[in-house]
Amino acid sequence: MDVLQEAFAWLNDPLNWTGRDGVLALGAEHLRISALAVLLAALLALPLGVWLGHRRRGGVVTVVAANTSRALPTFALLTIFASTGLFGATATVLAVAVFAVPPILSNTFTGLMEVDADVRNAARGVGMSGGRSLALVELPLALPLVGAGLRTATTQVLATVPLAALVGGSSLGSIIVQGMALQRYGQVVAGALLVAGLCLVVEGVLAAVQHALTPAPMRATTGRRRRRAAARTAADPAPQTVT
Amino acid sequence: MSGVPGSVWPVTSLETTGTTAASLTAASGDPAANPWLSWDYVQRNWGDISRALEQHAGLTVQAVLIACAIAVPLGMLAHLRPRLAAPIVGTSSVLYTIPSLALFTVLVPWTGIGRTPVLIGLVVYALLVLVRNVLVGLGGVDESVRDAARGLGYGRLRMLLTVELPNAVPAIIAGVRLATVTTVALVTVGVVVGYGGLGQLMFRGFRNNKYHAEILTATLLCLALALVLDLLLWLIGRAVTPWARRGREA
Numbered sequence: 001m002d003v004l005q006e007a008f009a010w011l012n013d014p015l016n017w018t019g020r021d022g023v024l025a026l027g028a029e030h031l032r033i034s035a036l037a038v039l040l041a042a043l044l045a046l047p048l049g050v051w052l053g054h055r056r057r058g059g060v061v062t063v064v065a066a067n068t069s070r071a072l073p074t075f076a077l078l079t080i081f082a083s084t085g086l087f088g089a090t091a092t093v094l095a096v097a098v099f100a101v102p103p104i105l106s107n108t109f110t111g112l113m114e115v116d117a118d119v120r121n122a123a124r125g126v127g128m129s130g131g132r133s134l135a136l137v138e139l140p141l142a143l144p145l146v147g148a149g150l151r152t153a154t155t156q157v158l159a160t161v162p163l164a165a166l167v168g169g170s171s172l173g174s175i176i177v178q179g180m181a182l183q184r185y186g187q188v189v190a191g192a193l194l195v196a197g198l199c200l201v202v203e204g205v206l207a208a209v210q211h212a213l214t215p216a217p218m219r220a221t222t223g224r225r226r227r228r229a230a231a232r233t234a235a236d237p238a239p240q241t242v243t
Numbered sequence: 244m245s246g247v248p249g250s251v252w253p254v255t256s257l258e259t260t261g262t263t264a265a266s267l268t269a270a271s272g273d274p275a276a277n278p279w280l281s282w283d284y285v286q287r288n289w290g291d292i293s294r295a296l297e298q299h300a301g302l303t304v305q306a307v308l309i310a311c312a313i314a315v316p317l318g319m320l321a322h323l324r325p326r327l328a329a330p331i332v333g334t335s336s337v338l339y340t341i342p343s344l345a346l347f348t349v350l351v352p353w354t355g356i357g358r359t360p361v362l363i364g365l366v367v368y369a370l371l372v373l374v375r376n377v378l379v380g381l382g383g384v385d386e387s388v389r390d391a392a393r394g395l396g397y398g399r400l401r402m403l404l405t406v407e408l409p410n411a412v413p414a415i416i417a418g419v420r421l422a423t424v425t426t427v428a429l430v431t432v433g434v435v436v437g438y439g440g441l442g443q444l445m446f447r448g449f450r451n452n453k454y455h456a457e458i459l460t461a462t463l464l465c466l467a468l469a470l471v472l473d474l475l476l477w478l479i480g481r482a483v484t485p486w487a488r489r490g491r492e493a
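Going down the list, the sequences are from chains S and C. When we follow the numbering used here, the leftmost residue of the first sequence carries the number 1, and every step to the right adds one. When we follow the numbering used here, the leftmost residue of the second sequence carries the number 244, and every step to the right adds one.
For the record, the hints were derived by calculation from the structure and aren't laboratory data. Treat the hints with caution; some may be incorrect.
On the chain S side, residues computed to face chain C include the following (Cβ under 10 Å) [said to hold, decoys possible]:
id	residue
1	Val3
2	Leu46
3	Phe75
Covered stretches of chain S, going by a simulated chain C footprint (3 or more residues, C-beta under 8 Å) [claimed, not checked]:
id	segment
4	163-169
5	172-183
6	196-205
None of the values given here were measured: they were computed from a predicted structure. Glycine residues also receive a C-beta, built at the ideal position from the N, C-alpha and C atoms.
Chain S extracted, bound-state conformation (with noise of 0.2 Å):
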């Protein structure tokens, strides 16, 4: 096809790939907006997801967050943002992170109530107080599912923050949204690659890292415990918005 061999073109000259709008200085963008969003919604989402999962209530809260985030278009909020005066990287972070708490949030508050009440009631008969169960015990046994949110809401980051580049944000997007403007679609699907390259990559990553810092005796216990949860959420079994 014509069209990929202009796309590949496109990603073998290097000129594509240095200077202030190169691939690797809007890859590097897209990463930086995409962390700080990440550390943003986790800063607020997981002492909340503790708390409410330690205090075993607030699953409302939860699911309104996460249904709400479902239904408010990413694009919306991120045009909002964008024509507030936020400019730029601001606008696009605070955006992004607004829809990257509700799984982090709902991950974090499912694995501290799934903890079985029988082991927090041993934590209880052997002394411990309750900050102390919930550190030593609740939090440890939470973990795996605290890990999966932290992995959904970075793929759905990463995957959000090319929308940006439509209201001027910098990042792998950028690329997408010059060649449709410019009508050459070449660069357009190289930049639709580059973008769907780096999701894939980084899931793939993260997922292995999952793996690794699972304990052996664990793994499958997680395994177990997500088709029970998936079972359970038959209404809900997709954690993550598409964007």
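We have chain S already, so just place chain C on it with the hints.
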């Protein structure tokens, strides 16, 4: 509009009917003249708004219907042949990871800009949600119900169609609701190929000197559309599973 990146944007019918009111109000530079909510805007541009809303709703309904037509047989196939389940779910998961901006635009060289690439993209994204829910629904049927059907002499296919599928309806409806809400939000990304329904209004508002009323009106309409469609599907789900209600009342 010159000087704005993307001024050589694919032009659509929605783009060409640019609002003069927008440029006038926003150009005055007075912050009070650019409110987020303006009934005046809605009245003056109702034609544009309703056209965008119609495009948005039409695209959503069509995408979800096509996705259902593919996902239900695919889910049933994966249920009958468990060996196919992993590749089917795996493939759709990988497609799901691809950002919409990339998926919509990568199709353009072959489909041209406009409705087709957006529709294909939306169907692909709805597929994963639906297939997963069909599988969860069919797999979640009570083993004793299955045993009873087998005891009555039901064959594999007949059991699937007359016992398992009706039992899976609540899970399938849940999947359709989820897919619909997600699709409503995703349509807005269609602006990149010039066919984004209400997203088109948001984008035009942004380019018209950040015309706040236009952006927020389109956003609120998106939320309202998602809510209304979700409610409709919930009602349909209630209507087609009368046994669920009767069971609860008993």
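Tell me if valine 3(S) is really an interface residue toward chain C, meaning its C-beta lies closer than 10 Å to one of theirs.
-> Holds: closest Cβ of chain C sits about 4 Å from valine 3(S), inside 10 Å.
Under 10 Å, Cβ to Cβ, is where leucine 46(S) needs to be relative to chain C, so tell me if that hint holds or is violated.
-> With Cβ-Cβ at 24 Å, over 10 Å, it is violated.
Double-check phenylalanine 75(S) for me: the hint is only fine if its C-beta lies closer than 10 Å to a C-beta in chain C.
-> holds (4 Å)
Check whether three or more residues of the segment 172-183 of chain S sit with their beta carbon closer than 8 Å to a beta carbon of chain C.
-> n = 9 at 8 Å, threshold three: holds.
Are there at least three residues in the segment 196-205 of chain S whose beta carbon sits under 8 Å from a beta carbon of chain C?
-> With 4 residues close enough to chain C, the hint holds.
Are three or more residues of the segment 163-169 of chain S within 8 Å, CB to CB, of chain C?
-> With 5 residues closer than 8 Å to chain C, the segment 163-169 of chain S meets the three-residue bar; holds.
The structure fails to meet hint 2 from the earlier list, while all remaining hints are met.
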